[in-house]
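S.K.: Protein chains in written order, with this note's numbering: chain A, 1 to 413; chain B, 1 to 413.
The set of hints was computed from the structure by calculation and includes no laboratory data.
Keep in mind that this is a model prediction, so the values were computed, not measured.
Wrong hints could be hidden among the right ones.
So the derived list for chain A, only partly shown, Cβ under 7 angstroms to chain B, looks like this [what the hints assert, rightly or not]:
1) Thr224
2) Thr258
3) Gln281
To be clear about the criterion: a stretch of chain A counts as covered by chain B if any three or more of its residues have a C-beta under 8 angstroms from a C-beta of chain B, and this derived list gives those stretches [to be verified]:
4) 65-74
5) 187-201
6) 372-381
Glycine is no exception: its CB is placed at the ideal position from the N, C-alpha and C atoms.
Number of protein chains: 2
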Amino acid sequence: MVKIDPDRLMADLKRLRGFGATGPGVVRLALSPVDLAAREWLVGRMTEAGLDARIDGVGTVFGRSRNSGPALVIGSHTDTQPTGGWLDGAMGVMYGLEIARALAEHDATRHLAVDVASWIDEEGTFSGLLGSRSFVGEAVDDSIRGATNRQGERLADVLEAAGLAGRPRARFEAGRQVAYLEPHIEQGGRLEAIGKAIGVVTTIVGLRESRLCFTGQRNHAGTTPMAIRRDAGAALVAFIARMNDAFGQLADADTVWTVGRVELDPGSMSVVPGAADMYLQFRDANPARLQAMERALAELVRDFNAHDAVSVELQTLDEPIEPVSMDATLAEHIARAAEALAPGQWLRMPSGAAHDAQVIARCMPACMMFVPSIGGVSHDFIEDTAEAHIVLGCQVAATAAASMLLQLSARHS
Amino acid sequence: MVKIDPDRLMADLKRLRGFGATGPGVVRLALSPVDLAAREWLVGRMTEAGLDARIDGVGTVFGRSRNSGPALVIGSHTDTQPTGGWLDGAMGVMYGLEIARALAEHDATRHLAVDVASWIDEEGTFSGLLGSRSFVGEAVDDSIRGATNRQGERLADVLEAAGLAGRPRARFEAGRQVAYLEPHIEQGGRLEAIGKAIGVVTTIVGLRESRLCFTGQRNHAGTTPMAIRRDAGAALVAFIARMNDAFGQLADADTVWTVGRVELDPGSMSVVPGAADMYLQFRDANPARLQAMERALAELVRDFNAHDAVSVELQTLDEPIEPVSMDATLAEHIARAAEALAPGQWLRMPSGAAHDAQVIARCMPACMMFVPSIGGVSHDFIEDTAEAHIVLGCQVAATAAASMLLQLSARHS
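Construct the complete structure from the given sequences, taking the supplied hints into account.
M.R.: Below, the structure is given as structure tokens:
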């Protein structure tokens with residue numbers, strides 16, 4: 001059986017952390033100088049591992065196997081959030097590198113083809129999931145022309161300045177690339193809460209985002225009796241209570257909804273709010289449930305406008321994101337590897353977060369696996385995973401990758 | 001009976017509006033150049049009316065009657081909010097000026113003493129209610145040394161630059177000044193809603209302000225199941241619902257409470273809020289009810305901390321402001337004048353807003369009267385009152401003032 005080298009894996013993970021290390025966390029925004037330096041380093045490590053590696057025309061690092069036969073792509077991202085953790089994305093890419101090396105060191109697996117990818121800008125510094133979207137053939141040139149970061153720098157200018165603008169872009173090779181594996185930290189607290197070490201992802205949840213704008217009447221908070229107020233803030237609070245009831249009736253244990261932002265206007269202690277906005281996001285693995293929640297929300301809005309002195313307008317933000325099922329056959333390889341290496345310590349679960357895998361799944365069968373996040377924390381400097389879990393996860397992924405490729409090779413030969 | 005001159009009153013109100021006029025509203029922040037110019041103009045008008053007028057050491061314009069005998073002080077303020085209306089405060093001062101003139105034009109009232117005041121900085125550009133606080137003998141020098149406006153200018157420097165710092169300050173004259181009348185716009189919608197023209201103020205309500213800080217756990221909004229969340233924003237919403245129930249049981253029709261400002265941290269759609277603050281103000285005319293509401297709030301906080309996964313801390317902001325009763329005998333003069341001039345078109349009501357009268361009441365009997373605000377709007381450029389109501393209000397105030405002074409003179413002689 002293929003064996004990874006835990007010391008080599010951890011050393012490379014820590015070297016990558018050095019690019020943008022900030023306290024225990026990392027600040028390595030897509031295409032920033034420190035991110036570009038990390039990409040050059042990664043190209044070097046891939047090349048040493050025998051891959052044909054380069055940075056492509058959008059910034060993705062792609063290491064192509066020189067072996068023939070069906071290829072498994074293992075990838076994730078090495079860019080971070082503005083205050084990012086050291087493992088979010090980075091761990092999956094380093095797993096891919098270590099697995100390519102480990103397979104090449106064993107006779108039974110030396111012939112297998114593993115491509116390794118670090119997709120650019122998963123975190124959306126300029127344009128979220130850009131690398132994977134470009135890889136699957138989405139027309140991203142409009143995104144590239146229009147996208148800017150928070151400092152107002154244009155993506156097109158940044159690619160030009162980095163000398164990447166003219167380069168070829170990594171693209172899906174139909175027939176050769178036959179499966180995608182994305183290992184990742186869980187970024188939630190479920191594995192830890194029930195004492196499991198590996199999550200086999202069934203579905204990446206879908207997502208809806210909306211803004212609800214309440215319009216009442218701004219008034220003096222001392223002189224306006226409660227009975228004649230049209231308090232937009234109080235209406236917002238009442239609406240959330242009704243929404244919690246309605247969503248609670250539709251939800252299962254994995255359904256989530258979040259009011260992450262609220263704004264009252266004018267935001268003064270002495271003024272009855274005349275306007276109030278809330279930002280709502282909800283996620284679920286079941287497309288029918290997402291639609292039922294949308295209908296329930298629209299009905300609440302209609303009912304509110306029919307009966308309340310404050311009006312509310314529902315604005316949809318962005319395109320809806322539909323749930324994406326992971327490939328069951330690939331997932332079974334992960335499950336078998338997990339059961340062999342950590343019997344009873346794994347479970348099947350949805351991914352509540354978005355990942356490049358949901359994009360790659362458009363062109364080939366895709367799967368994901370999780371390792372536990374300490375305290376469920378991610379997108380934060382203190383994000384971490386026990387080293388034993390990092391190492392176990394890579395051994396599970398390597399075992400599953402070999403198993404997938406041996407089966408796929410048998411089918412293709 | 002004393003008769004005011006409606007044309008003279010309206011002309012002076014419009015002249016005063018000219019200082020800082022901005023569209024239909026006025027920007028005349030305390031001690032700004034345009035406010036100082038308005039004060040100089042006001043001193044001139046008071047002098048023409050026969051008063052001994054000057055700007056005092058804190059900026060208050062005080063016009064002292066040259067008549068002997070007990071004096072009625074009529075006052076309000078001519079400074080405005082950052083986006084102020086043309087009548088808030090200004091109307092009461094112009095009433096005082098017109099009443100001093102009108103009384104001097106009639107044989108039966110020519111001997112009566114009316115002092116007229118425009119108290120500095122009622123609106124708190126530097127230090128709220130400064131002029132009336134100085135007048136009643138509060139030690140305001142600490143306020144003057146410490147106070148700055150939003151631009152960071154120090155009050156002490158501004159008084160120095162205006163040449164006011166060394167001047168004597170107007171002070172309450174015990175024995176001579178025996179009553180205070182403050183006419184004002186309602187700044188609320190009650191008179192308009194029930195079709196009344198005059199409000200006779202019974203009490204200026206007391207006020208409590210607090211911040212409630214909820215502390216939960218910041219988490220990824222996709223990967224954190226509802227069951228293990230500690231969502232500070234959701235806790236805030238649940239708390240408000242319980243508070244509304246508790247306050248609703250204690251309230252009468254005049255009790256008001258307002259959540260004017262809410263902040264969720266970090267305020268992102270994809271992050272479960274880890275902290276949330278709400279700013280609460282409540283007002284009532286009954287000190288016992290204010291205390292009962294404080295107790296209910298403290299009990300809700302205790303109960304919440306005992307049972308909820310999110311903790312809440314109650315922080316009291318500023319000193320509590322206790323309700324101030326208006327003098328019933330003075331109010332009766334206003335009520336009789338209102339009934340004589342507008343039979344059935346007046347009512348007794350609390351003032352939901354703060355006024356200089358609540359400060360002046362510390363040293364002498366004080367009363368207030370209101371005229372309707374169109375749409376209940378104040379602290380806004382579109383603040384207005386029907387001219388008929390402005391004129392009627394001044395005639396009622398003049399009649400009441402004469403009646404008060406004739407009675408007080410009889411008592412003192």
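S.K.: Now, for every hint given, state plainly whether the structure supports it.
M.R.: Here is how each hint holds up against the structure:
1. Thr224: Thr224(A) check passes; min Cβ-Cβ to chain B is 5 angstroms, inside 7 angstroms.
2. Thr258: With a minimum Cβ separation of about 4 angstroms from chain B (threshold 7 angstroms), the hint on Thr258(A) holds.
3. Gln281: holds (5 angstroms)
4. 65-74: violated (count 0)
5. 187-201: holds (count 5)
6. 372-381: With 5 residues close enough to chain B, the hint holds.
Hint compliance for this structure: hint 4 is the single one not met.
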